[in-house]
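Asks: Below, each chain spelled out in residue letters.
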Amino acid sequence: MVGPLYIIAIALGTAFSLGFFKKANRNIPYAIMFLAIAFMTFISGQWLYAFLANQQEAIQIFTAGFQPPFSISLQMGLHEAVFVSMINGIGLLSALYLYEQFRDKGVQMMMVFILLFMGLNVIIMTRDIFNLFVFLEISTIAIIGLILLEKKEQAMSSGFKYLIASGIISGILLIGIIAIYYYNGTLFINDIISSNPLLLKGGSVAVFLTLMAIVLELKPFPVNGWALDVYESAHPGVGAILSAATGTAMLFVLYKITPFIADPWFNMIATIGIITFIGSNLLGIQQENAQRLLGYSSVGQLGLIMLVIGLSPYLGDNYLFIGFTLLISHFLAKAGLFWIAGIIKQKKIKNWSVLRKTPLLMVLFGIFILTLLGFPPFPSFFGKWELVMELSNNHQLAWIIAILAGSFLEAVYLFRWFGYALKKEIKETTSKIQFSKILPPFLFGITSLVAGYYTNIFQGDAYTINYLPLALVLIITLIDFISAKIKNSLAILAMAYYGFLTLPGLYENDFIRFIFMAIFIGGGILTLIAGYAYQGKRKGFYPAALLMFAGLGGIIEAQTTLQFFFAWEIMTFGSYLLIIRGKHSIKHGFSYILFSLGGAYLLLMAFGLMNAQVGMQISALSDINTHLNLIFSLLAIGFMTKMASLGLHIWLPGAHAEAESDVSPMVSAILLKAGVFGLLITILAMGAEYAQHSTLLYILGWIGALTALVGNLAASFQEDAKRLLAYSSIGQLGYILFAYAMATHLGWVGGFVYVINHFAFKAVLFLTIGAVVLRVGTHKMYEMGGLIKRMPLAFIAVLIGIITLSGVPPLSGFAGKWFFYHALISKGWYFQGAVVLFAGIIAFLYCFRLIQSIFLGQLKDNHRKVKEISIWFIIPIYTLIIGIMIFSARPHWILQPISEYIAPYFGRELTWNGSTAIAEMGYWNGEWIMYIIGVMFVLILGWLLYTNAKAQKVKQFNIVYSGERPFTPETTHIAHNMYAGYSKALGFIVEPYITKLWNNMSDAIVQLGGLTKRIYNGNGQTYAFYIIAYIVITFFLVF
Amino acid sequence: MENLSLEIVTLITGIALLLIGIWGLLTQKNLIKMVIGFALFDTGIHIIMVSIGYVKNRTAPILDQAVKTNQAAEKIVDPVPQALVLTAIVIGLGITALMLAFVLKMYQKKKSLEINNFNDLKW
Amino acid sequence: MVKNTFIFVLLVGFVFLFFNLFADFTGNTELNKLAGHYAESGHEEVGAANLVTAVVVTYRGLDTLGEVTILFLSAAIVSFLLKIETSSTDDRKLRTTSEILDTASKILVPVIFIFGIYVFINGHLTPGGGFQGGAIIASGLVLILLAKPLRQISQKLISIVESISGLSFVLLGVAGILFAAGFLDNKILSLGEFGTIFSAGLIPIIYIFVGLKVGAELSSIITNLQENQNEA
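Chains as they are written, first to last, in the numbering used here: chain B, 1 to 1039; chain X, 1 to 123; chain A, 1 to 232.
Calculated directly from the structure, the hints in this document are not laboratory data. Computed from a predicted structure; not experimentally measured. Glycine included, every Cβ here is placed at the ideal spot set by N, Cα and C. Be careful, since some hints might not be right.
Claimed, not checked - List of simulated lysine-lysine pairs, PhoX-like, C-alpha gap at most 25 Å:
{"id": "1", "chain 1": "A", "residue 1": "K3", "chain 2": "X", "residue 2": "K33"}
{"id": "2", "chain 1": "B", "residue 1": "K347", "chain 2": "X", "residue 2": "K111"}
{"id": "3", "chain 1": "B", "residue 1": "K583", "chain 2": "B", "residue 2": "K485"}
{"id": "4", "chain 1": "A", "residue 1": "K187", "chain 2": "X", "residue 2": "K68"}
{"id": "5", "chain 1": "B", "residue 1": "K996", "chain 2": "B", "residue 2": "K583"}
{"id": "6", "chain 1": "A", "residue 1": "K83", "chain 2": "B", "residue 2": "K151"}
{"id": "7", "chain 1": "B", "residue 1": "K347", "chain 2": "B", "residue 2": "K485"}
{"id": "8", "chain 1": "B", "residue 1": "K537", "chain 2": "B", "residue 2": "K424"}
{"id": "9", "chain 1": "X", "residue 1": "K111", "chain 2": "B", "residue 2": "K152"}
{"id": "10", "chain 1": "B", "residue 1": "K350", "chain 2": "B", "residue 2": "K427"}
{"id": "11", "chain 1": "B", "residue 1": "K996", "chain 2": "B", "residue 2": "K984"}
{"id": "12", "chain 1": "X", "residue 1": "K109", "chain 2": "B", "residue 2": "K152"}
{"id": "13", "chain 1": "X", "residue 1": "K56", "chain 2": "X", "residue 2": "K122"}
{"id": "14", "chain 1": "X", "residue 1": "K122", "chain 2": "B", "residue 2": "K151"}
{"id": "15", "chain 1": "X", "residue 1": "K75", "chain 2": "A", "residue 2": "K3"}
Claimed, not checked - The following label-pair restraints were derived from C-beta to C-beta distances:
{"id": "16", "chain 1": "B", "residue 1": "Y6", "chain 2": "X", "residue 2": "D120", "range": "50 to 56 Å"}
{"id": "17", "chain 1": "B", "residue 1": "I193", "chain 2": "X", "residue 2": "E74", "range": "39 to 45 Å"}
{"id": "18", "chain 1": "B", "residue 1": "I193", "chain 2": "X", "residue 2": "D64", "range": "54 to 60 Å"}
{"id": "19", "chain 1": "X", "residue 1": "T59", "chain 2": "B", "residue 2": "I59", "range": "20 to 26 Å"}
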């Protein structure tokens, strides 16, 4: 094997000999430099392979033939091999990426470049602290040199700032090192460790200074202005190096010298880390410049890993796993994002929509953003998971909260950015992209995926994830260029196959999970059928939809909390992609993902608390014995964000209303059930005894009741049909929450009826209204009317939908009400019950509107030739209607097994006799009700038809206003602002107080960021002042 | 003042020089003066380094007629800080040269040596 | 003014930090283990009379390679930086240099060069060495440029000297791995008779290259600055 010293020799030899080529064709020196870096990569790679394959001990390399401490020694072990391989790998790709710059700027920059990487290699390998200083200086100076690759006005002044700042920092480091030498008599790191450097006061100050210098090299918030300027002004390829390569090497240095320090100082590092993580992410929120934003994010990520190093006493054996997964994610993603920034050359994040011109770049962008944020299946997901679990095992809840808060802030700006890229108008076109520029981010994107997979494998059997659905998503992403019809068929096939694999087993073993899986898969297939109505390629639709369904399936299949959370995040991201596809959905998608993430973090915290007591099995949730209220509250709130309960609902109306016609039912009828499922397993885990006296459930009950009221009331005042349905979903989910919060046998059976009904009728209604909207081209109900003549099938569908919704016999909605009121009385929740009852009455108001405004009355002029809704919508709609009919007539097919399932948990209140349900206060037979009402309906219909024949027809807008004809006659019709009267009386309830509250909160955060950013006044001298002040203040805090 | 031996005097001198350097770096608005401040700061550190290697009443670590090889351990001061300071001086030189080159260029661009005129990037 | 007060308070805090740092500083009365080893065995292991040189070139040879690299980097960046065009319209008016300076430089420069070479060749015996010698040579160059500010110094020559000496340094280091005990081991050549010019193995040769390289690097920085001014 080639010795590690040859890395140094080759780099130096190359750098020195490049001087011969100053006048030559620049391709020759470039080729030499490239080969040199390739060879360095090869050397480090073969060591990495040797350590991974043979598990051999680290080797020491002595220079000058003397043992340390007398000479400088290097160390090559597994850790060193990993890090130098990472550094040299990114060096190789950077060399490729910067080819044009090197060709334009000449040999000097090539020298600087290769010396930078040599410096970083030695920093990682050396075991001599002064040698560390020397090579640190080399890499610092080299970075300053590389800033000049970009011929920008500001590059000069930002280089000067960087010089001043790093000059002071290296001075501090030097003082620390020399004092360490004085107190310990050695410069050899191993000897310093064994001689207990903190023994004397002076010795500990010496270590403090060294430590501070290295921490400052990691650019802690707020002492990092000069680095941010460099990120902004340097070439993005250099930004990638500074963030990924230099940052990585410095973290390794910090890791290397942590044995110097004792426990209390770890807290100091952790505090610096968390301040950096939260502070820079806060500032990222109001940043519009892409490269500077990446700078903030880099600083933040390095802070996070610093935090992990600082928290290492709590993390036990998992410390390196956590630190490394977070680091590799930062490494891959940040380099990738900088590289993409260099390809598309857009300063403002608003203009990143040009990414859509190159789907590959868009996908890579998404991969990197998710990698940064710790989404599955990327390495950081597992890292963050373990971090939270370990902290929780050690009762460090405050740290968890701080980390999740920082992560949330990071998500805010990254998703804002991602949203811009997905949705903003494309203003200009990009020029042709060279292969040499796209290859590096492409390789890193692939590595990110592969690394995620192997991270999970590395974790062992307890962490098994079913990657099959994700593999299907990947395949459908790869064939995204083909026609939508084929992809649609493939997607349906894939879903059917997934159902075939999972449903029979669940039917045997776990009926409740079976129900939900059937809703997810069956509903998925039905809504996908509607997709045949779309023409063209529908780029990006199928990956998103399948991702969501893969997540939904994973939630049901999950045995452990990790699997659950994995699937939950997949589902969240997939649904986000679906929602944001809508025409005006940029802000709705944004608020959806923020609420979802906030909820997910609460879940994560709860899983952490649970893990500390009973481990990761979901079934063990019922065994927890401390922090019960906290864990259950966190879970409940987390799931309620997905159920859009009052207070957490503001994302829903826009998200559902603006979505595409076949997406609305997916995200409404199907997706919301994920939250319900989560809530359900939470309450099941509580057990009857806890549930009976639970204040939490009592509160949830009230929230459910109020959600139902506000949701229904708001639905009544909508002019937009889809928005009406969206608010109606909120209301319906309120009922469901209420029903489950009762935690009684009857309540739960009622809850299930609501779940199944809501799935069926909301799918029917959204599909039908969506199909109608596709035909008439408007969402506004008052712009429709009389469509019964053109679309009778749609009319019947909506009619059946609202009959089910409003709980009128004979359809299954009535069954829901029947169980519901029985449960109410037996539970004794009369006040809440009154609210719910009132809400139920209001539901009639909006149901009536759907029929009256859209289908009855006069046909509008421009709709005279409109056709019946597409057959591809009719098929799923009527399949669902048949389902509703069967469920109404034979409810016991489903409800009896559910009833049996629940009885052991909450005590039996209900027995079944064929299709008859018998409770304490009465019985109900769906089948007979069906027959009776059917007969009544036919009789009344016949009578109506008979009398209708005599009716006199009136012309449309047969009205005159003082001789003037109104410009928009539709708005004079009763269909417009139909419930103005009610609105006056009750409108105050639906005033957007909650929206305002959330808006104020986010405004406050943005303003805080705006104030804080003033510390970066751009003045190099001020930054120097910060450095000194940071050291002195920290000194007084620590000593 | 018996305590005030040579190494203490040089140490205090070094620290004083270092502080003067920082003061200059933080208060002077002129770029060149800032660079001078940095150079003072650096020099102060070098003096501190040398004084740390001093051993009372001993001579330079060079073996010649005055210091025989067999009694070197009793006669010479610590050679390590001297070697380190040599390296540190050269590094400081490199950084200072680079700073001056930057200043030169910045001046040529804006015809100003005021640090306050170079706040282009912020926030 | 408020700001200056802040800075003052800060520096007082810094003084306090230093006070703590050196709270246990009593000065040395004897060498520590590491230095003691150098003092006792340095002359046998390395063979250089100047122990600082022994430490600089052999024991801590990697540091020296690093510092040469830093100078090299600075020189490369300075030369790159100064070539970046800036729209400058300054007219530079030169006074003619005085007769004394002109004549003295002609006499002194060769002497200075020879002195520089002497300093780095004897680096292992007397105070001095490659850096000191290189700096002296570069100062000779400054004198030349002071006398004749418009004189063109061949960048190409400097660059070639720089490259060759740097490359030789690295190759000698690698030769240490191949033919002796490790990177930069000076025992490729015999240690010779202690205290003479041909002793200490590879050290004098390395110091020659270091001297040339440092001289070249500093010269490169100086000539670049000069050219930049002349163009302006």
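Asks: State for each hint whether it applies.
Replies: Results for each hint:
no.: 1; hint: A/K3 <-> X/K33; verdict: holds (18 Å)
no.: 2; hint: B/K347 <-> X/K111; verdict: violated (28 Å)
no.: 3; hint: B/K583 <-> B/K485; verdict: holds (22 Å)
no.: 4; hint: A/K187 <-> X/K68; verdict: holds (23 Å)
no.: 5; hint: B/K996 <-> B/K583; verdict: holds (24 Å)
no.: 6; hint: A/K83 <-> B/K151; verdict: holds (12 Å)
no.: 7; hint: B/K347 <-> B/K485; verdict: violated (38 Å)
no.: 8; hint: B/K537 <-> B/K424; verdict: holds (20 Å)
no.: 9; hint: X/K111 <-> B/K152; verdict: holds (17 Å)
no.: 10; hint: B/K350 <-> B/K427; verdict: holds (10 Å)
no.: 11; hint: B/K996 <-> B/K984; verdict: holds (20 Å)
no.: 12; hint: X/K109 <-> B/K152; verdict: holds (12 Å)
no.: 13; hint: X/K56 <-> X/K122; verdict: violated (51 Å)
no.: 14; hint: X/K122 <-> B/K151; verdict: holds (19 Å)
no.: 15; hint: X/K75 <-> A/K3; verdict: violated (50 Å)
no.: 16; hint: B/Y6 <-> X/D120: 50 to 56 Å; verdict: violated (43 Å)
no.: 17; hint: B/I193 <-> X/E74: 39 to 45 Å; verdict: violated (30 Å)
no.: 18; hint: B/I193 <-> X/D64: 54 to 60 Å; verdict: violated (38 Å)
no.: 19; hint: X/T59 <-> B/I59: 20 to 26 Å; verdict: violated (40 Å)
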